[in-house]
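Enquirer: Single-letter residue listing:
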Amino acid sequence: MSALILISVLGVLVLYLGLFDKKSWLAPVSILGLLGAMALFISGYHIDHELLGGMVEFSAFSIGFNIGMAIITALIFFFGSDYYARQEHHVAEQYALMLFSLVGGFILTSYTSMLMLFIGIEILSIPLYILAGGKKQSLRSNEASFKYFLLGSFSTAFLLMGITLLYGLTGSFHLEALAAHMASTGTGDMVQNFGLFFVVTGLAFKVGAVPFHFWVPDVYQGAPTLVTIFMSTVVKMAGFAAFFRFIDITGMPDALARIMVLLTLATLLVGNVIALKQTHFKRLMAYSSVAHSGFLLLALLTDHGHAAGHGDAIGHTLHYYTFTYSLATTGLFILFTIAKRANNGAEHNNIFQGLFAAKPWLALCALAMFLSLAGIPLTAGFIAKYQVFLLAIGAGWLKVTLLGVLMALLGIYYYIMVVREVFVTPEEPVRFEVSPLNWVVVSVCAVGVLVLGVWPGLV
Amino acid sequence: MENVMTAIRVVPLDHYLILSFLLFSIGMVGALVRRNIIIVIMCLELMLNSVNLLLVAFSAYHSDPGGQIMVFFIMLVAAAEVTVGLAILVLLKRNTDSVDMNQLNRLKW
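Protein chains in written order, with my numbering: chain A, 109 to 567; chain B, 63 to 171.
Since the hints were derived computationally from the structure, they do not count as laboratory data.
Glycine included, every Cβ here is placed at the ideal spot set by N, Cα and C.
Be a bit skeptical, because a hint or two may be false.
One-sided and incomplete, this derived list gives chain A residues near chain B with beta-carbon spacing under 10 Å [what the hints assert, rightly or not]:
| no. | residue |
| --- | --- |
| 1 | S233 |
| 2 | P235 |
| 3 | G260 |
| 4 | I271 |
Using 20 Å as the maximum straight-line C-alpha spacing, the simulated EDC-like pairs for lysine to aspartate or glutamate come out as follows [unchecked claim]:
| no. | chain 1 | residue 1 | chain 2 | residue 2 |
| --- | --- | --- | --- | --- |
| 5 | A | K244 | B | D159 |
| 6 | A | K131 | A | E196 |
| 7 | A | K244 | A | E196 |
| 8 | A | K243 | A | E201 |
| 9 | A | K243 | B | D159 |
| 10 | A | K448 | A | E536 |
| 11 | A | K448 | A | E541 |
| 12 | A | K448 | A | D190 |
| 13 | A | K467 | A | E541 |
| 14 | A | K255 | B | D159 |
| 15 | A | K385 | A | E455 |
| 16 | A | K467 | A | D362 |
| 17 | A | K130 | A | E201 |
| 18 | A | K467 | A | E535 |
| 19 | A | K255 | B | D162 |
| 20 | A | K243 | A | E196 |
| 21 | A | K255 | B | E107 |
| 22 | A | K244 | B | D162 |
In isolation and in its complexed conformation, chain B is listed as follows:
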């Protein structure tokens, strides 16, 4: 375990911060811009995983295992969330025969 911690610390913390912000932004822009619902769900996962990366880096730099425990919780919850999301998507696909975001236009103003 200690080896892993030192290996993580080889890279400066700023670099982790920048990388995970980049990933987070890519995910955010993707979720807002893309029209295919499956890709949007993937973008949401990307956002959550960028958070995971940052948590592991912080956890190694603080020598505190709490951050890594949180990563497990995030993975677990993300899995539960995506399960529900995909189930809803299947329902939507059955009713409209499409996975395009523009289908979601029946509720307006």
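Pulled out of the complex, with its shape left as it was, chain A reads as follows:
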């Protein structure tokens, strides 16, 4: 609870710093606050707190996710001090909105009442609608922001309809009441299936699962790069934590399992196949994000048949997968910004050309992070995918796992295409300007995925 309050107050404080024109203080103060929140989370580790009349519960699962999100946000803020260096106005608001959004993420990892699920999703999303439109003069940014807003509210309406139907069944928003009801009725009736279906639809929109993925590439491309990092990392972690909590407590009845299988198959297939055709780096990363959602959904699928609330292994796998994915994505988007600046704002994959000739260390970092996303052994991405497949085979989803493995192999192709660009030497050497802080953050991300790949027990 104290961490939630700390981050909320920190957001307001950052707004005041902006009011008094203390631009250079913004990133340090925000990062200090995030470190404080992490310390508060760590000091409360392994203690189950119930808050707000039992509507929020901080368990080891949610604290693990929260610390992960805080670390990624801190890395993004380190990058932000350079990214916003040339922007004079409205910098404080960007930091503050990201902090507010993070609070929504914290609630999503730890809700026990569907009321808090709804509020968490809204606190997470509403600041993002504004952040996506951060470049006020850019039509693309406007459009990304508005598309995100429309589809976001659309999915919220579905989520709410689902919550209401489930409330109608049990007379309570509490997940325990829902679990007790589902255990007593067995297969369930129409209203229950509709309710579950609507809630899953709303959550699938948020994590960008096919067929609800249309906003992902557009919004990733149009939003400022820093916001794209935030959306593809923190929001994804929070979304999957929320998804897992909901799926786990319902114990996934057969009707829900059928829908989840369809979602997983479609997401794995569409995400990876369309990514093959992408030449625009941000859109490539967007489809790669959809593809990774597919692997994460496969992990969620294995919750089928568990007794309610016994998916600890799945929760741990999700945490490891999303965190390592976030590390690699953060580093790659920072390298993308560096390359984009060196190429006068071009955003296609070939802007990475000459990186190895100019900055060998950064090129090696890029290699490590791409290989991690592709899932090559010795990187964290491999361990993450391996754990997911192991869970899925253990739960008996052989055919889906087979498709997953095939798609993982397909995925290697489009990552290697970009890696190839990194090692191409163009005829005219390109000057890459790297600020020391960015160098450090990229190195941390790359070393992070390697270290976590060798010692997966660290997370």
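Take the given structure of chain A and dock chain B to it, following the hints.
Expert: Showing chain B alone in chain A's frame:
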């Protein structure tokens, strides 16, 4: 309060369910089909309000005030959301001088 509860219970629950599903569908189809952005935002509001109607009915039938509290939260959040949405729309209007959905075509494939 008890009078209101009994008044709500005069209508069978099925009727509330059908009405709110109808409203929800109208809102959904409108949001997908209409090209004027302001009407699309109104359709989204209609979807949220159909949920509110259903929540109040369920709340009265369960004699549980939780559903009505949720209605307040939904109204509050919907207001916040529409505020942001309209602000973005104003920005869009300034840049493109139109509130037509077909303006949103710069990001494709």
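Enquirer: Against each hint, give a clear statement of whether it holds in the structure.
Expert: Here is how each hint holds up against the structure:
Against a cut-off of 10 Å between C-beta atoms, the interface hint on S233 of chain A holds, since the closest Cβ of chain B lies about 8 Å away. For P235 of chain A, the interface hint holds, since its Cβ comes within 10 Å of a Cβ in chain B; the closest pair sits about 9 Å apart. Because the beta carbon of G260 of chain A sits about 8 Å from the nearest beta carbon in chain B, less than 10 Å, this interface hint is met. Using the Cβ-Cβ criterion of 10 Å, the hint placing I271 of chain A at the interface with chain B is satisfied: the shortest such distance is roughly 8 Å.
A C-alpha spacing of about 15 Å is found between K244 of chain A and D159 of chain B, which places the hinted pair at or below 20 Å, so the restraint holds. A distance of roughly 9 Å separates the Cα atoms of K131 of chain A and E196 of chain A; the hinted pair therefore holds under the 20 Å criterion. For the hint linking K244 of chain A to E196 of chain A, the alpha-carbon distance of about 13 Å falls within 20 Å, and the restraint holds. Simply put, K243 of chain A and E201 of chain A have alpha-carbon atoms about 13 Å apart, close enough for the 20 Å limit, and the pair holds.
About 18 Å separates the Cα atoms of K243 of chain A and D159 of chain B, which keeps this hinted pair within 20 Å; it holds. Of the pairs offered as hints, the one joining K448 of chain A and E536 of chain A holds, with about 16 Å between alpha carbons and a cut-off of 20 Å not exceeded. Using a Cα cut-off of 20 Å, the hinted pair K448 of chain A and E541 of chain A holds, with the two alpha carbons roughly 10 Å apart. Restraint check: the Cα-Cα separation between K448 of chain A and D190 of chain A comes to about 14 Å, which is no more than 20 Å; the hinted pair holds.
Annotation: proposed proximity of K467 of chain A to E541 of chain A holds, straight-line Cα distance about 10 Å (limit 20 Å). Proposed proximity of K255 of chain A and D159 of chain B is supported: the alpha carbons are some 17 Å apart, at most 20 Å. The straight-line distance between the Cα atoms of K385 of chain A and E455 of chain A is roughly 15 Å, inside the 20 Å bound, and the hint therefore holds. For a cut-off of 20 Å, the pair hint linking K467 of chain A to D362 of chain A is broken: about 53 Å separates their Cα positions.
For the hint linking K130 of chain A to E201 of chain A, the alpha-carbon distance of about 12 Å falls within 20 Å, and the restraint holds. Between K467 of chain A and E535 of chain A the alpha-carbon distance is near 16 Å, which keeps this suggested pair within the 20 Å criterion. As the CA atoms of K255 of chain A and D162 of chain B are separated by approximately 13 Å, the hinted pair is consistent with the 20 Å bound. At roughly 12 Å between alpha-carbon atoms, K243 of chain A and E196 of chain A fall within 20 Å of each other, so this suggested pair holds.
Pair hint K255 of chain A plus E107 of chain B holds up; C-alpha atoms about 16 Å apart against a cutoff of 20 Å. Taken as a hint, the K244 of chain A and D162 of chain B pair is honoured in the structure, with Cα atoms around 19 Å apart against an allowance of 20 Å.
Of the numbered hints given earlier, the model fails hint 16 alone.
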